[in-house]
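Protein chains in written order, with the numbering used here: chain A, -1 to 421; chain B, -1 to 421; chain C, -1 to 421.
Some hints here could point you the wrong way.
[As the list claims (entries may be wrong)] Straight-line alpha carbon distances no greater than 25 angstroms define the calculated PhoX-like cross-link-like pairs of lysine-lysine that follow:
1. B:363 with A:363
2. C:93 with A:93
3. A:311 with A:160
4. A:328 with B:93
5. C:93 with B:326
6. B:363 with C:115
Calculated from the structure, these hints are not laboratory results.
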Amino acid sequence: MLRPEENERITRIGPGTPAGELFRRYWQPAGLSAELPEPDCPPIRVRLLGEDLVAFRATDGSVGLVDAFCPHRRAPLFFGRNEECGLRCVYHGWKFDTSGNCVDMPSEPPDSLFKTKVKVTAYPTFEAGDLIWAYMGPAELMPPRPDFEWMRAPRTHRILSKTFEDANYLQGLEGGLDTSHSSFAHNERLGDRNWIRNRDGAPRLDVERTDYGYSYVSTRDVGEDGLYVRVYHYAMPAQQMRGSVTSLMGGRSEVPKLDGHIWVPIDDEQTYVYNWACSYSSNDPISPEYAEDWESQNGRGVNDLVPGTLKLKKTRANDYLIDRERQKTKTFTGIVGINTQDFALQEGMGRIADRSLEHLGTSDKAIIATRQLLLEAVDAVAKGEKPRGIDPATYRTIRPYDDYVPKDGNWREQFADELVAKW
Amino acid sequence: MLRPEENERITRIGPGTPAGELFRRYWQPAGLSAELPEPDCPPIRVRLLGEDLVAFRATDGSVGLVDAFCPHRRAPLFFGRNEECGLRCVYHGWKFDTSGNCVDMPSEPPDSLFKTKVKVTAYPTFEAGDLIWAYMGPAELMPPRPDFEWMRAPRTHRILSKTFEDANYLQGLEGGLDTSHSSFAHNERLGDRNWIRNRDGAPRLDVERTDYGYSYVSTRDVGEDGLYVRVYHYAMPAQQMRGSVTSLMGGRSEVPKLDGHIWVPIDDEQTYVYNWACSYSSNDPISPEYAEDWESQNGRGVNDLVPGTLKLKKTRANDYLIDRERQKTKTFTGIVGINTQDFALQEGMGRIADRSLEHLGTSDKAIIATRQLLLEAVDAVAKGEKPRGIDPATYRTIRPYDDYVPKDGNWREQFADELVAKW
Amino acid sequence: MLRPEENERITRIGPGTPAGELFRRYWQPAGLSAELPEPDCPPIRVRLLGEDLVAFRATDGSVGLVDAFCPHRRAPLFFGRNEECGLRCVYHGWKFDTSGNCVDMPSEPPDSLFKTKVKVTAYPTFEAGDLIWAYMGPAELMPPRPDFEWMRAPRTHRILSKTFEDANYLQGLEGGLDTSHSSFAHNERLGDRNWIRNRDGAPRLDVERTDYGYSYVSTRDVGEDGLYVRVYHYAMPAQQMRGSVTSLMGGRSEVPKLDGHIWVPIDDEQTYVYNWACSYSSNDPISPEYAEDWESQNGRGVNDLVPGTLKLKKTRANDYLIDRERQKTKTFTGIVGINTQDFALQEGMGRIADRSLEHLGTSDKAIIATRQLLLEAVDAVAKGEKPRGIDPATYRTIRPYDDYVPKDGNWREQFADELVAKW
């Protein structure tokens, strides 16, 4: 549990809040590159860390990310004209480049110098891994660009998607860093002893702090198959990585891969989840059919989303279409879609969970470590220090993994080569 | 009128509020027994006195009423599995019995004692009169179970329903204890002198305090038919009972009965109304056809409700489908449905009426008495005293009644036998 | 820009606020006369300056404007019966005349004097120019009735409509007093040099304070056609008038006219816009076809409104159906409907624009003058002084105008006769 003030401290991310300052020290995903498909295409609304912004792809292909409101009279720039290297407000024609400079001000006399004095707030961006990344912190503290292994995998070996979650980011992040629940919430095979998560719902957790956050290992005693050991990484402030190389029915996965999520706060009560996966090696390309199937299994396939949005059709308002008969006989939750199950639980806690009422057990070691790291990082930033995981050197070569290990085996030795990035 | 602080004092019923404490000294209806139709059926959400709860019927038929959130990590128990005498959270499999004990904790090591230290908030329940009753107050002050006459009538002689009202409970209760408005709001026979309420819209009220609240009598001068006298009871904190034995067109009703409502706060701004009726005697069974017709007349028949809910189709948002032509020519309000007329007026006051702006007349004597009793009871509870009506002995034998009385008659003598419970 | 407290001071118009007091010194449009089409027709809800009211047309044709809640027990008077010169509450039959007197109280004994002691709040009204006007200020300060020229034009020469706007009134008013944006936001002819607004987007503004507010003149250098000079009036607190006599393609308009808007606060965050136009002279009647075409061009024709409401189908929620292809190739905004373009920009600023973040230029002279006048008037009222424009004598004979003027011409001389009311 957290004290109420601690809970506030790490869940509120608006401008000027402690965690808001922390999140503003990292590059954050502001959207999929595909959301701005070509130069001079329509701008999009971006709400990020509680700030209303507009993103546009300029004529040269670069992405501008500016205040949603024109600095002149606060007209909405979303309706702006994306013209010749700049976004032009349709109220009085003021035009801004991707750096926020006012490059034309046709409502003022031609000889006016006023335009040299006006800027619109603009945040630096770059693109990598099919994402638009933005930095919203102090210019002098801008860190190097993120460089996670999955960003380097070729598109033929990668899956990337984005989903809306109607809750604070921390509920998502904690779910992602909680291995134990997968034996319950994600149990699609009630009573099937072949599914190894059915054999041990109380995995042993070992958490090890690192320069980027922590690495943690869950160990399940799966009887005649020995131990099932899964290595996760928590890259601060809000990314999870896990191995999905091994099949939970025994042997290797059809497409061995690494996967994870980044939870990006829209504001205190809403989140975008970026879902990534990349194959284990160049021998395992990811076909579009497999990718769509994977997204569907997770409950975010094309038929799972409200058309034209990133929102699930299954929501709090329709009880995620829980099927009580299915719950009695086939799956633990009766809810279809792996991440839909997560959303039902995470969104069901309320928009910001009241952690002061919790009772944490040994299965919550990773959760506890996450909170400690966040609280420490918030304090560090407040003191002018550098938080963990800002420097890509700390995580560039890491990789998660999972496999079976003999009961008397040593996973560290067995996994040693596997835990190093191959892309 | 009430001073604003008095109004707050008796309308706010959340945990820790003065009226919240008062309401928590009584058993409260938490739902219809029929909402949990069989052992191990799906749980239901219950919001009661501002608290979010989940009710489930266990394998042995008993009803559990527990906190809506798992004490582990606050996952929503509504999605829980209702299994072998307990509700199991689908996040990590923790299972709770109807008393709130944690009876299984599969995410922790088998030898862990942690489960003996964890409880979920659980309120005592029992069933009677086709209702689930719950007690949400201090264990040491738990009163005997309610025992109203209508609860004892056989199902063949009883009607029971539940309706959602989008306003504070007190607006409903005050409407129920206000006889005068029935000459106006419920006038379905504009100008028809045969309808005796048309003959006297200013009934004389006599209120008499009792150990359970009060009894009050309204007397209408109905000309050649003498006096029409109706006896009501107010059973604290929020039940009304009235006689409906006599036809308002003269003679006895087709099905002579007693009826009433209990208003149960969902929270400060929403209410469930439990509508009950029981026949006057065993000679007058209530057929299903009559019951459905009665519900329809009151505006809560099957066709009046949004399917799958307890909410009226007619709402504030659609002006209760008021028909202005009907209002001009046939009925006083132009709104169809007796209790729909009440809802239009009560919900139309705003979610919590501002009683500081009222102007009360002699027709409001019962309203004034209700408020005084509530204010006194709130004070009594605050002082550790026992409020009225907690002990069923105070109301077990009461019964309301109504009939014509000669102008020189004495209703007390005439009604003496009728005012005693027969069931 | 305004300091945040100044912004609050002139945007908040509820009872007791500084600008609320200012607005309450003027007669305000409370609705279209057509909304109450005949004596004893159904009452309508009116929310005006943050107060919930009900308007009804009595048997004698006069209009009552009373508190939305009955003074007895706060039942909603909207459901009231509009009877024989009074509105009767359907809860207990209390009846009020248009002056707010209780003229019948049938729930009290016939000899009761209580009804002489009860009044419902009632605001004086009168009708002129097809509008219902209401005065909500102190009785002793009630000013003479408004008398704008357009109100005197015959119905055959006039257009009047009413539209809902989902933003604070000041965003609308400032848009109406901003000539520069019409070269951009309302540019329906991208790149067409014949359209004279394309020739000069930076008009020179001259603002002249008057007893009713100000008159302002915008001058555009339109090359070979000389100067295009347009005279506007700002009549306090929230009316704009402008000349539309001259065609923007050269020559006279098809139907030369004067037009304008009055912005009437529903509350702090919502506004009714009254749109009026009257022809320049009796030689130019306005046909119903022209009127409907005009309304359509402005985006408020019959097909533009949600049926049965005064709300546009195009809203913030559907991005005003912006057509990005149209925006690239044909019109500046890609939004269809002149006033829809205004709404997209004004509503898009948020319900109350944050003026502390603005950067105003020389094109904003009129905006700045508006705010100064409002701030001064708010102060004047606070000091017990009379604000500008309360007396119709100050504006009875004014008229706006627009025309081409030679570069060496003098618009004052050229327009002298035109700036005097003809109706």
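Can you list which hints this structure breaks, lowest number first?
1, 2
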